[in-house]
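Novice: In the order they appear, the protein sequences are chains E and A. Sequential numbering of the first sequence, starting at 1, is according to my numbering. Sequential numbering of the second sequence, starting at 1, is according to my numbering.
Among these hints, one or two may not hold up.
Chain A is nowhere near these chain E residues, computed Cβ spacing over 10 Å in every case [said to hold, decoys possible]:
1. Ile46
2. Val47
3. Arg90
4. Arg149
5. Lys303
6. Asn420
Residues on chain E that point at chain A, a partial pick, calculated with CB under 8 Å [said to hold, decoys possible]:
7. Phe44
8. Glu93
9. Gly183
10. Gly184
11. Gly230
12. His339
It is worth saying that the hints were derived from the structure and are not from the lab. Please read these numbers as outputs of a predicted model, since none were measured by experiment. Virtual Cβ for every residue (Gly too), placed ideally from N, Cα, C.
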Amino acid sequence: MKDLLEEIVDEGLKAGASFCEARFFEERGNRISVENGVAKALGFGIVRGVGVRVIVDGRWGFASTNVLTRRSLKEALADAIGAAKSLAKRRGEEAEIIDVKPAVDTVHHKVRVNPEDVSPEEKVKAMLEIEKAARVFSERVKDTFVSYRDVSTKVIVCNSLGTLVEETTPRIHVHCTVISKRGGNMQVGFESIGNVSGYELVERIHPEEFSGRAAEKAVRLLDANPPPRGIYTVVTDPKVGGLFVHEAFGHNCEGDLVFGGQSIVSDKMGKRVASDMVSIIDDPTQLRNGHYVYDHEGVRAKKHIIVKDGVLVSFLHSLESAAKMGGEPQGSARAQSHHYPPIVRMSNTYFAPGDMTLEEILEDIKLGVYLSGSQYGYVETQKGQFTCKVEQAWLIEKGELTVHLRDVAINGSTLEALKNVTAVGKDLKIEMPGICGKSGQGIYVDAGAPHMRFEGIVVGGRK
Amino acid sequence: MAERIDLATPAEKAARLLSAMNMDFFDVYVVYSRSLSIGVLGRGIRDAKSRIDLGLGVRAYKNRGLGVAFSQSLEPEDVEETVDRAVSFARAAQPDPYFKGIPGPSKAEDVPGLCDKEIICLTLEEAGELVKRMIDAAEEVRHGAMYRGGMTVGYSRSYLLTSTGISVEMEKTSVSAFIEPTYRRGDDVGSSYEYDYAVSLAEIDFEAIGRKAAEKALEQFGSRRVKSGALPIILTPDSTSSFISGLMLAISGESAVKKRTFASRFLGKQIAPQILEIVDDGTIPGAIASSPYDGEGVPRRLTKVVGEGRILTFLHNSYSAGIAGVETTGHARRDYRGYVGAGPTNVRVKPGDSSLEEMISETRKGVLVTNASLIPNMVSGEFSSTIDEGFLIEGGEKKHPVKNLMVGGQILEMYRNIELISKEGRTIGKGFFFPSIKISRVKLAGG
Numbered sequence: 001m002k003d004l005l006e007e008i009v010d011e012g013l014k015a016g017a018s019f020c021e022a023r024f025f026e027e028r029g030n031r032i033s034v035e036n037g038v039a040k041a042l043g044f045g046i047v048r049g050v051g052v053r054v055i056v057d058g059r060w061g062f063a064s065t066n067v068l069t070r071r072s073l074k075e076a077l078a079d080a081i082g083a084a085k086s087l088a089k090r091r092g093e094e095a096e097i098i099d100v101k102p103a104v105d106t107v108h109h110k111v112r113v114n115p116e117d118v119s120p121e122e123k124v125k126a127m128l129e130i131e132k133a134a135r136v137f138s139e140r141v142k143d144t145f146v147s148y149r150d151v152s153t154k155v156i157v158c159n160s161l162g163t164l165v166e167e168t169t170p171r172i173h174v175h176c177t178v179i180s181k182r183g184g185n186m187q188v189g190f191e192s193i194g195n196v197s198g199y200e201l202v203e204r205i206h207p208e209e210f211s212g213r214a215a216e217k218a219v220r221l222l223d224a225n226p227p228p229r230g231i232y233t234v235v236t237d238p239k240v241g242g243l244f245v246h247e248a249f250g251h252n253c254e255g256d257l258v259f260g261g262q263s264i265v266s267d268k269m270g271k272r273v274a275s276d277m278v279s280i281i282d283d284p285t286q287l288r289n290g291h292y293v294y295d296h297e298g299v300r301a302k303k304h305i306i307v308k309d310g311v312l313v314s315f316l317h318s319l320e321s322a323a324k325m326g327g328e329p330q331g332s333a334r335a336q337s338h339h340y341p342p343i344v345r346m347s348n349t350y351f352a353p354g355d356m357t358l359e360e361i362l363e364d365i366k367l368g369v370y371l372s373g374s375q376y377g378y379v380e381t382q383k384g385q386f387t388c389k390v391e392q393a394w395l396i397e398k399g400e401l402t403v404h405l406r407d408v409a410i411n412g413s414t415l416e417a418l419k420n421v422t423a424v425g426k427d428l429k430i431e432m433p434g435i436c437g438k439s440g441q442g443i444y445v446d447a448g449a450p451h452m453r454f455e456g457i458v459v460g461g462r463k
Numbered sequence: 001m002a003e004r005i006d007l008a009t010p011a012e013k014a015a016r017l018l019s020a021m022n023m024d025f026f027d028v029y030v031v032y033s034r035s036l037s038i039g040v041l042g043r044g045i046r047d048a049k050s051r052i053d054l055g056l057g058v059r060a061y062k063n064r065g066l067g068v069a070f071s072q073s074l075e076p077e078d079v080e081e082t083v084d085r086a087v088s089f090a091r092a093a094q095p096d097p098y099f100k101g102i103p104g105p106s107k108a109e110d111v112p113g114l115c116d117k118e119i120i121c122l123t124l125e126e127a128g129e130l131v132k133r134m135i136d137a138a139e140e141v142r143h144g145a146m147y148r149g150g151m152t153v154g155y156s157r158s159y160l161l162t163s164t165g166i167s168v169e170m171e172k173t174s175v176s177a178f179i180e181p182t183y184r185r186g187d188d189v190g191s192s193y194e195y196d197y198a199v200s201l202a203e204i205d206f207e208a209i210g211r212k213a214a215e216k217a218l219e220q221f222g223s224r225r226v227k228s229g230a231l232p233i234i235l236t237p238d239s240t241s242s243f244i245s246g247l248m249l250a251i252s253g254e255s256a257v258k259k260r261t262f263a264s265r266f267l268g269k270q271i272a273p274q275i276l277e278i279v280d281d282g283t284i285p286g287a288i289a290s291s292p293y294d295g296e297g298v299p300r301r302l303t304k305v306v307g308e309g310r311i312l313t314f315l316h317n318s319y320s321a322g323i324a325g326v327e328t329t330g331h332a333r334r335d336y337r338g339y340v341g342a343g344p345t346n347v348r349v350k351p352g353d354s355s356l357e358e359m360i361s362e363t364r365k366g367v368l369v370t371n372a373s374l375i376p377n378m379v380s381g382e383f384s385s386t387i388d389e390g391f392l393i394e395g396g397e398k399k400h401p402v403k404n405l406m407v408g409g410q411i412l413e414m415y416r417n418i419e420l421i422s423k424e425g426r427t428i429g430k431g432f433f434f435p436s437i438k439i440s441r442v443k444l445a446g447g
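In isolation and in its complexed conformation, chain E is listed as follows:
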């Protein structure tokens, strides 16, 4: 395959491209779905193809195909060149990339147990054990689901800068969802674990702790109250902080959104964007779900400090955004598959730890809300308005957690919220393995934070 990719890149240059990239993508994976004690479906899939990207006459062209014959790849190259040429006279963003030193390397992440060496029957047995711990937790448990997924992703990036990089990354994800019920009241609890890993990740799961915790949440939420609504001091746990740092702030620092005029911090480089207690980091080198060694433009990934002591110090870059904004590409461009061009993405994003304990953070709050666990979040980057939906919450009264709350969401303006951070804990956890969507592309990421305190946040609720 590498020879064929090199041939396509050479032909692209000969045909007049100033930059040409051919990227092979293959993802092979297995799934198991357990529902109420029955492993009712097992699945397998192969995603495979090549994406070709060119710059011709100062414009980007891209084409992809699942058909891996020489003829089909040459057609894709012709389509990509034709696509770029079709835009040559159109007003728009000029395509450019920064010149970087080429990389030639092959990376295989080592695993202790290859999931392909574990039989489907053995995997089913393990998932049934995990599911059972949730099902037997309480009579209030109505439905239990456990899903398992192992996936091996191979990417080969070949481009006209001379880069030829191959990286194969194994990942495992296990997710448990529990529905509890009392009369007409139904609630949901969930837990998930996922990382760049072999099957050993499953072997480390303690069912009572993992799915038992999901069941406990679902059952306890039956007795939780609707939240108050209005403006409160809130304390976020590592998952809510992780959701916030990723959704509300991180997306604003993606170089393509910055040069595309979609970010609220495009003119804030070197300026204060947060309380001086706040530092924000995106680190693909950490062995978490968003880990990789080379990005999908073949650039070796480094740890990125985005905000240092409240001051914006860098953006995340692709070859393109680094060229347009004068930054240094440090490996932040990734693509969901061969069908998409690489765009700027976060990896493992987190608030750096401070020095306080949770008790110290809570102690002088007269009335506030403690937010725990994340459901989902989204941001309108151009306006800087965020929404985060959390799993559960507690009222804080005189420094103590009191009334249990459910269906809580918070909303606000990102920069106002960050300037109103008044406490940062020392208990950093990066435990939010997931897939982040942007421009129709889903990418493996992780996020986290220590416990943090924000003043003046809108809490939505029914009360």
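Assemble chain A onto chain E, guided by the hints.
Specialist: The following block gives chain A in isolation, referenced to the frame of chain E:
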């Protein structure tokens, strides 16, 4: 862009292999698709893309256990591996007590107008010109926005083959366009978006999309916080779409019949005033969500889902219908990755006798919601969402845009509190229709 890739040969090869493996049921689904897209970012057009996708998916059942497998390669050895995996997984899976079998063949009426030659013949140059017209129209309203958006045209052809004798081939085209201009005035931001999608290119007015998006974006300047309280809200058609989609999801398929959604216990029961009527119709000629057959080869049909405020039926595939002990309603959804779900097609809310203008003028104090995601927690029905774009209404008049305002509550209470439905509304893709809806009282959390 619609070259003839042979789908029948790999599908029949997979079916032959499966037939020899003593499965109880199986189906094979192969899809070829091609799309062209133009991306917009910043000052204008950023890139042009072309994509060919191809995939084969297999569902195999043995002793009520399901094995699914797919491959994006139709090379003989990959088809063989896909079949082998599906078969070995079906044998390793445990019996699903709810599984009753897969549908047999039945003949559907033709649904005309689902394939637009103009889309099939469109070049990227021509697509670029259409997007340019969309941007130019926005620039004419106000010069100098930064944009995000684009357009995609696509053609797809699918082939379904089952062990029960179904053999169905379908093809379809689609076009979608959207643009999101952002204007800045100091620290103030005016941003919004407009979109459209359809089966045929001729149905999309690119200039109108650009113009409306820019006008809506400019209206968003000067947004202000609104105090918390309980007020009436008026949903414009784009917000009604989200409000009704939550209900349609909650009455679809396995989750609905296994009593896992907020709507599960309301089959046959009143959930809204009598003025609410919703139909689902997958047979509308030329409509975006129409097709002769669903994902399991069952003919599409017109289904009255909500009548006089009462939920009349759930939307079924064969699996959920089997659990409920009814016939499938032809709402199976699938791609070639194998799993089959259920969901609505063209959703149409019956127009009422009010109008958006009347709703606003008769509201002393309330909020006009022009863009919000009102999808609740599917299990509990509770929700808490941001009003992404909306306006305060005071004294019967639309005032300033709102900011950082959340709406929350129980979605069932929102349906119960429907007060007025407008006679006019928005038709999307020749199929969907959403009017404006006034809800008498909703809890709002603001500044």
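Novice: So, for every hint listed, does it hold in this structure?
Specialist: We went through each hint and held it up to the structure:
For Ile46/E, the shortest C-beta to C-beta distance to chain A comes to about 4 Å, within the 10 Å cut-off, and the non-interface label is violated. With a closest Cβ-Cβ approach of about 5 Å to chain A, Val47/E is found to fall inside the 10 Å limit, against its non-interface label. Taking the minimum C-beta to C-beta distance to chain A, about 5 Å, the non-interface status of Arg90/E is violated against the 10 Å cut. With a closest Cβ-Cβ approach of about 13 Å to chain A, Arg149/E is found to remain outside the 10 Å limit, as its non-interface label requires.
Distance check on Lys303/E: its Cβ is at least 27 Å (rounded) from any Cβ of chain A, clearing the 10 Å threshold; non-interface status holds. Residue placement check: Asn420/E keeps its beta carbon more than 10 Å from all beta carbons of chain A (closest about 13 Å). Interface restraint check: Phe44/E against chain A, minimum CB-CB distance 4 Å, threshold 8 Å, status holds. The criterion of a C-beta within 8 Å of any C-beta in chain A is met by Glu93/E, whose closest approach is roughly 5 Å, and the hint holds.
Evaluation of the Gly183/E hint against chain A yields a violated restraint, the C-beta minimum of about 10 Å exceeding 8 Å. Look at Gly184/E: its Cβ gets to within about 7 Å of chain A, closer than 8 Å, so that hint holds up. Interface hint status for Gly230/E: upheld, as the beta-carbon distance to the closest one in chain A is roughly 5 Å, under 8 Å. At its closest, the beta carbon of His339/E sits 5 Å from a beta carbon of chain A; the interface hint therefore holds under the 8 Å criterion.
Going through the hint list in order, the structure does not satisfy hints 1, 2, 3 and 9.
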